[in-house]
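> Dock chains B and C against chain A, hints included.
Residue-level listing of the chains:
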Amino acid sequence: MRQRALGSVLWLFIAGLALVAYAFAPRLVSDFHSRDLAHAGVFFIAIIGLNLLTGYTGQISLGHGALMAIGGYTTAALVVHEHWRDVWTIPLAGLAAGIVGFLIGIPALRLSGLYLALATFALAVAMPSLLKKFSGLTGGGQGLRLLESAPEQVTGISGTVTILGHSMTQNHFLYYLTWAIGLVGFLIAWLIVRGPLGRVFRAVRDSEIAAASAGINLAGYKTLAFALSGVYAGVAGALLAIQDEIVNPLTFTFLLSILILVGTVVGGLGSLPGMVLGAFFVQYLPDLSTRLSSAPGVPDFVYGAAIIVVMILLPSGAGGLLRRLARPLTTRLYTRP
Amino acid sequence: MARKLHVFLGAVVALGLAAVASGAGTPGVTSSEVLIGGTTPLSGPASAYQSVARGAAAYFKYVNAKGGVNKRKIKYLYKDDAYDPAKTSEKTRELVQQDKVFAIFNSLGTEQNQATRAYLNAIKVPQLFVASGATTWGKDSKTYPWTIGYQPNYQAEGTIYGRYVAKTSPKARIGVLYQNDDYGKDLLKGLVNGLRSKAKLIVSKQNYDVNDADVQSQIARLKAARVNTLMLFATPKFAIQSYVYAHKLGWKPTVYVNAVSSAANIMGLSTVGTSKKQTNGSLSIVFLKDPTDPHWTKDPGVKLYRSIMKRYKGGNPNDVYAVYGMSAAHTFVQALKKAGKNPTRAGIMKAANNLSIKNDPFLLPGMTVKTGAGDHFPLDQAKLERYVNGHWVVFGGLFRVR
Amino acid sequence: MLLAFDWTQLAQQIVIGLASGGVWATLAVALVLIYRSTGVVNFAQGEMAMFSTFIAWSLVHHGLSYWAAFFLTVAISFVGGVAVERVVIRPVESAPVLTVVIVTLGLFFLVNGAARWIWTPEVRSLPNAFSTRPIDVAGVAFSIQDLGNIGVSLAAVGLLWVFFRFTKLGLASRAAAVNPEASRLLGVRVSWMLALGWGLAAGMGGVSGMLTAPALASFDQNLMQPVLLYAFAGAVLGGIDSPLGAVVGTMLLGVLVNLVGTYVDWVGTELRLPVALAVILGVLLVRPAGLFGRVSVRRV
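Residue numbers (my numbering), protein chains in the order written: chain A, 1 to 337; chain B, 1 to 402; chain C, 1 to 300.
Chain A with its partners taken away, still in its complex shape:
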């Protein structure tokens, strides 16, 4: 009893720290930097989604960039064509991507491992072409520009945003919006993982045969996992569109899918706490590499080397490291003295 109480207190403490960090981070950095943090938040949300699918349910997906595209374009299309307010499109963007995720999940039932990788890889590669093809809706190669086509629907166009009487810059607004959604998304994922659904997912990951023998409806849960991760990717894509105020096929290439996957694995598959680190890794490493030297090829070289080194040192990602660090703490809490 006492151990459980102590454990809960620890988690509450960490949660409290997180909230404080969330609230005060923008004060520690320049105004523009809040925008960078907001961008990291987009990765954070997408990574949570991919982790639910790959880390917890064992289904590999190389196509999360494509799901983000669905979300981003839903938002952009609603703003530009239907004149919706940009922030109100977020739920719909998540839903659209969730549906597409569900549809991907269906053929994925018959494919596993390598073949699922190819299928999702093919989707990621095909997405820019598909976006260019249906140009009536997507603006084709030009994409959609929210600021140009529907400026009154862009929150913060004047530079400041006022919520409940409290005024802030557009950059701060984007940060608070993105990370608020991120933290809520994290909480939901945490609850899922902790609960019966999470147990089923892990059962599917660890052994499909055993799970099926235990009566678990593999088909249902796999497609559910795809749909859920799709929702997260869609919301991330929507926030990306809102932050950058444009969508374009060139943004949603296979490279984006790779970045999300790298962030997820670096953050730690099957572990939620490392996700923040994974998001920061993919957000800041390319910039840092460019800062080291802008000679052709060097930033990519440094970036690639960093990924390799991190994976060699931390094969289970940051999550694995955190678990190892936390183990003495938690064992002491949970073991009889």
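Do not rely on the hints blindly, as some may be mistaken.
[What the hints assert, rightly or not] Quick partial rundown of chain B residues pointing at chain A, CB under 10 Å, derived from the structure:
#1 K79
#2 Y83
#3 D84
#4 Q112
#5 N180
#6 K185
#7 D299
#8 Y312
#9 G315
#10 N318
#11 V333
Keep in mind the hints are simulated off the structure, nothing from the lab. Positions of the beta carbon are idealized from the N, C-alpha and C atoms, including for glycine.
Chains B and C alone, transformed into the frame defined by chain A:
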């Protein structure tokens, strides 16, 4: 839509963004320095175009070494957008809000610059000498008065080809290979405009995606349509492929190759891969001095270019994109001089809209960089050239390419 | 109706498709080799092949004849592949599969960056191994180069088959891939078998690059990126553990993409690859192991 933006933003600018636009001192300008910035693809598949930025940077270092402009050195920051318009949007905001540049200069790419145009015009930051051949930079200057382009636009180039074919080969069977983005489509549109009533001479149009591996299939289709005049509206990799695949099919049409892919070193690769006969007779337009063309080896402008590239580490001197960048930088310097001892953003915009530069060492002799009321296209002249026995020979006079 | 149809065009598109596929085939074989030895798809295979192509270019630039440069590059690539396995893959040998995949993605960036750094990003060309003089048969044109590319791919597959089937080293390598624990007990140096697999794959990749560069008429650091996708798809279609399947799969894919692009109008250029990939997925849903792959039965 755009007019709505104009009206709306006119009202909005008065609010919070006034601090960015004006204020006590002009952002980016100190007593010793003028800070400008732009975006360019330093990584990713389009990274070959970064020479546009590097060439310009080398030229600014040269000017600084001679004392700068009105005792100020020009500091040019260029950031990587990996050719992704979303990143262009982010980095441009960073340049404006964080680095507080005086103006955005020489950013590369059509979609990339379109992504930031509305924002820059809303906050009245000059978007100078956009490195893209789209028509909109000059055509839409009433809606976006703070934006101006530089190079001759693709549509105009296509028009020249169309007019020339209509005049000299009225019975040709034209086939077009074009990249399926604005660049290729603009060239095609221009071609159709130039052909006018003879547009039906186009018997086959094949496009390709920049991510394709090869265009063999498209070339075969063009040959099957019995095309005898081939328009290559394609980037260097695919232009070279087109020559080689045509050769492999035993097909030798008359080729019009667009300016982006007609640099002498590219044509050299096309010839080596096929035969002298395959590339002989190809046509193109040109407005820059090509450093790999033996014709210009002793030219003082090209010599200056090479010495600057060497001294200030501008990169590969055989890269014609670097020449372009230097020309753009040269024009910026003239505009800055014209903006006076205390340059403001409005001032340099006015200077950019009233250019008359006759001595650009990197452009063809006789060319003028000219803008004015009703003319927002700084470079709108070019010459036709024909590929004869391994090198380009200019013929005819200077065309107006608008 | 039959006479109005352009049969020559059809035959030409098929021939071109086979030729294109023949170019991608060697990279597909390299992917298969890595998969068989390490169980992952090496996303950096194309970049490593590209790097080998640049090495070949440098050798030719310094005066070596094409074939001398060719064999030297294959040898250098082999050593490079072994080195990569020892330095980068070995530390994560026992890590989860996805970790290894991420490492290959890191390699992708690293090798590409290195190639951009060492050789500037300008367009170059590699001499042709085979003649590109057009040969015309009944209105359909092809060249020795097309036949040569396909021939080299098949020869490579043949050599690999002989190696794996008839040599002790090949047998040991197969054993290590199928059952590492048992092989170790029998004295097979499993770790070095992995390195061998990577070396062979890298050598094959080098061949692939040196054939692709002349076939695509010019090359730069982006040479292999579109090819990787085709090679991956073709290898999976053919059966990811079968080198012969990889060759057949990529050639079929080449024909499919060309025919779809030529005859299905609404598809156009943008969608011809996605449509071809959809077809492959269709095949996989029906026959998950690919055309030539071994169907593994899972016993519960």
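> It remains to establish, for every hint, whether it holds in the given structure.
Comparing the hints with the structure gives:
Here the hint on K79(B) is kept, as its CB sits about 8 Å from the closest CB of chain A, short of 10 Å. The closest approach between the C-beta of Y83(B) and any C-beta of chain A is roughly 6 Å, which is under the 10 Å cut-off, so the hint is satisfied. Taking 10 Å as the C-beta contact cut-off toward chain A, the hint placing D84(B) at the interface holds, the least distance being around 5 Å. For the restraint placing Q112(B) at the interface with chain A, the shortest Cβ-Cβ distance is roughly 9 Å, inside the 10 Å limit, so the hint holds.
A least Cβ separation of about 7 Å between N180(B) and chain A falls short of the 10 Å threshold, and the interface hint therefore holds. Checking K185(B) against chain A: minimum C-beta separation of about 8 Å stays under 10 Å; hint holds. For D299(B), the suggested interface contact is broken, since its CB lies about 28 Å from the closest CB of chain A, more than 10 Å. With a least beta-carbon distance of about 15 Å to chain A, the hint placing Y312(B) at the interface is violated under the 10 Å criterion.
Hint on G315(B) holds. Least Cβ distance to chain A is approximately 8 Å, under the 10 Å limit. Hint status for N318(B): violated, given a least beta-carbon distance of 15 Å to chain A, over 10 Å. For V333(B), the suggested interface contact is broken, since its CB lies about 23 Å from the closest CB of chain A, more than 10 Å.
In this structure, the earlier hints numbered 7, 8, 10 and 11 are contradicted, and the remaining ones agree with it.
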